[in-house]
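Novice: Residue numbers (this note's numbering), protein chains in the order written: chain A, 1 to 410; chain B, 1 to 249.
Worth flagging that the hints you see were computed from the coordinates, not collected in a lab.
Bear in mind that the values here come from a model prediction, so they are computed numbers and not experimental data.
Mixed in with the good hints, there may be bad ones.
What the hints assert, rightly or not - Simulated crosslink set (EDC-like; lysine to aspartate or glutamate; CA at most 20 angstroms straight-line):
| no. | chain 1 | residue 1 | chain 2 | residue 2 |
| --- | --- | --- | --- | --- |
| 1 | B | 192 | B | 110 |
| 2 | A | 197 | A | 242 |
| 3 | B | 247 | A | 362 |
| 4 | B | 175 | B | 198 |
| 5 | A | 388 | A | 146 |
| 6 | B | 161 | A | 369 |
| 7 | B | 247 | A | 144 |
| 8 | B | 247 | A | 225 |
| 9 | A | 197 | A | 225 |
| 10 | A | 388 | A | 330 |
| 11 | B | 247 | A | 226 |
| 12 | B | 161 | A | 407 |
| 13 | B | 247 | A | 369 |
| 14 | B | 247 | A | 146 |
| 15 | A | 388 | A | 294 |
| 16 | B | 247 | A | 184 |
| 17 | A | 197 | A | 362 |
| 18 | A | 388 | A | 210 |
| 19 | A | 197 | A | 369 |
| 20 | A | 388 | A | 63 |
As the list claims (entries may be wrong) - Label-pair ranges, simulated between beta-carbon atoms:
| no. | chain 1 | residue 1 | chain 2 | residue 2 | range |
| --- | --- | --- | --- | --- | --- |
| 21 | A | 18 | B | 205 | 47 to 57 angstroms |
| 22 | A | 282 | B | 109 | 20 to 30 angstroms |
| 23 | A | 270 | B | 109 | 47 to 57 angstroms |
Even glycine gets a Cβ: it sits at the ideal position worked out from N, Cα and C.
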Amino acid sequence: MSRGYALVSVLLLASLSLILLMSVHARLVRQWTQVNGLEGQLHALIAAQNGIEIARAFLPSADPSLLLAGRDGVFQGTSSREWRNPVSFAEAMVLDPLEWVPASDDGIPFTSEEESLQGIFHSSSGGASLFRFSNNPEEPADQDQDRVFIVRSMGIVPAIGPIHRLPFIRNNVALVEARLRKEEAFLPPAALTLLGKQGSFIWSSQLTIDGGPVPGIGVLPGDTDELFSDLVASLGESGASDQIRGEGHSPSLSLITPSQSIPHIAHLLSPTFWLHFLSNLPDYSIPSSLADVDEPRLAYLPDGGMLDSDFKGLLVSRGDLFLQNHAVVDGILIHLGGGTLTLQENALIQGGLWVCGIQPTDFELGLTEVRIQINGAARIVFDAESAKRALGCLPATRLEWRILFPEMLL
Amino acid sequence: MDDSRLSGKIRAPERSLPLDQSDTRLERRKSYQLTSPQSNPSGFDCSHSQPSRGTREALVPEGRKKAGYTLIELLLALLLTTVLITAAFSALQSVQIWSQNLDQLVGRDENLRTAPILLVRWIAHAGANRHSQRWPGISLGTGTLQVQSDFDGEAGFPNGKLTESFENLSIRLMKNELQVRSGSGNFQPFLKQITAFDARLESPSLLLIELNSTTSTTLAGIKENRAAAVALRTWLPNYASNLFPEKLP
C-alpha cells in the first residue's frame, strides 16, 4: 500500500511539472509565432519597398510605348478590380512566388521578346517582390503622354514557424505604390541645341553636324533673337553652312519652341527647374572620373576638363571643356556655359549636344553667352537610340509613395 | 529429507536457473524446514501454506502480536510528508514567480516588437501627395508626432484632402501609454508601458523614433533592469531627394 501512495505522489508531482512545462512551452511558442508574424509583416513591407526601387531603376531605360501594353503589345483592359496590382491581395495570401505567372503581361517589364518577364524579384526566406506598371489615373489607361507611371509592388513573404506544417501556406503580404516620372527633359530636339543670350562661334569647314530626322542646329527662344543672329552670321563667315544637315536639307537651322510634340522643352526655360537640377546633380553623378566604362553613366564636370577617350551616357559640364584625340561621346553632352566648348582632332558626339549659357537665380534663367569652337573634322550626329540610352542614366523622379491596404479601393 | 525428495514435492519453476542460484534456494528451504521438524511429520513441505497457530506464535516476536503503526512511525511519516509537500510547493512557487516574471518581460518585449510594424505602416507614407499641398507632413513636438499623408480618396487615389482615416495622425505619450488619434477623434492607447517616446528627423527623409518600455511591476527575485529600449529608423520616401523637381514648371 505504501508503494501505491508513493506512486500517486510521484504521478501528481510529475503531472504538475508537466502542466507547468507545457504552459511555459505554449507561451513561448505563441510568443515566437507572434514575433515571426510581426517580422514577416515587416519583411513583406521591405520586400514591397524593394520592388518599387527595382521598378524605379528599370523605368528610365524602359520604352514607354511598350510598357503599358506589355510584351504582346495588346492592352487587356481595366475590367478586373485589382488590375493595377501584380496579383490580387487574396491570391497573394496563398501564392508561392516561385510559381507566379502574371494573369496579364500589361505593365510587366521585359527586356527582350525572348526573355521572361521581369516583374519579380526574389528575396531571402522565400520572399519576393512582384511589381506592375500602369498609367497614372489622369490619363487613359493605355496611352501615356506625361511619362508619369504608377508602379505597384507586392511584397510576399511566406509565414514561417509551426504554420508551415499545415497543408496550406498563408503569406505575409504588403502592397506599396509609387508614382514615378520618367525624365526626358534633355531629349535633344536637334543635333546641336542652343540656349543663351548671345553666341560666340568658331566653325571649321571640315565640321559635320547631322540631325537626320531633326534639325542640325536648334535654338531655344531666349530674351532676344541675338543668339540666332550670331549663329547665322558665324556660319556665313565660316562657309560651313552646308555642313549643317538635318530634316533632309542643309543648312538646317531651326527655332525650337515648346509644342505638343516636344512639351518637355518648356521645363528648360524655367529657373526653378535648373536650380533644382544643378543643386542635386553632384549627388547623382560621378564627379571627375571619365575613364572608359562600358556602362552608360551620368557624369558631371563642374570645372570643365579634357576628354580624349570614349564616354557613354550623359555628361554635364561647365567651364572650358575640350573633346579631342578621337574622343567619342556616345550619348548626350550638356555644356552649361561659363567657358568654351572645344571640339577638335576628330572628336565625335553621337546622340545630341546641348550648349546652354545659363546662371539661374530664383527669379530668372540668367541667360549668358554660349561659346563653341570647332577645329578640324569634328562631328555632331543626332542618334535617337544613343540619346535614349543616355537618358536612361537619369533616375526616375519619385512623385508619391504610399502603402495600400486591402480595405482600400484598389 | 534429502534433496531428491524436495525437488520431487515442490515444483521448481520451468525456467532453468544457473546452478549457483538453484543451490542457494535449496539451502534457504532446507534451513526453514530445519527450524520446525515436528510440524511436518508426514514429510511434505508446507512452507507456502498457512502455518499452524503454534508455529505462528513461535515465529512472531512477542512485541508485535498486534498489527499497526507506532506513534513514532506516524510522526515520522507526517514530518516527511510535510517536508515533501513544503518542498514541492516551494518549487511550484518558484516556477510561478518565474512564470510571472516571464509574463512581465514578454509583455514588455511585445510592446517593443509591435511598435515598429505599427509605426512604420502609419508613418512611412508621410507626405504623400505633398507637392500640391501646403501641410507639413511631419510635425515634431515634445513627446508628440503628427503625420499627415494624403494617401487615399474617393477614387482610390489621393484627393488633396486629409479627411480619410489615418491621413492625419497624432501620436503622443500620455501616462505611460502611447496613444494615437486619427483626424479630430479622441486619442486611443495602442501601446502600454511605454515610459519614453522621442522622434526626430535625422535627415529630411529619415525619421528616428526611440521608445523605452518597462515591466508593469517589479520583477520578483530579479535585480536586472526592468527597462528596455528600441530605436527605429523609418525611411520617408516622399521626402527623398530627386534629381529633377517633383512639380515641373
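Novice: Just pull the numbers of the violated hints for me, sorted ascending.
Specialist: Those not satisfied are hints 2, 6, 8, 11, 13, 22.
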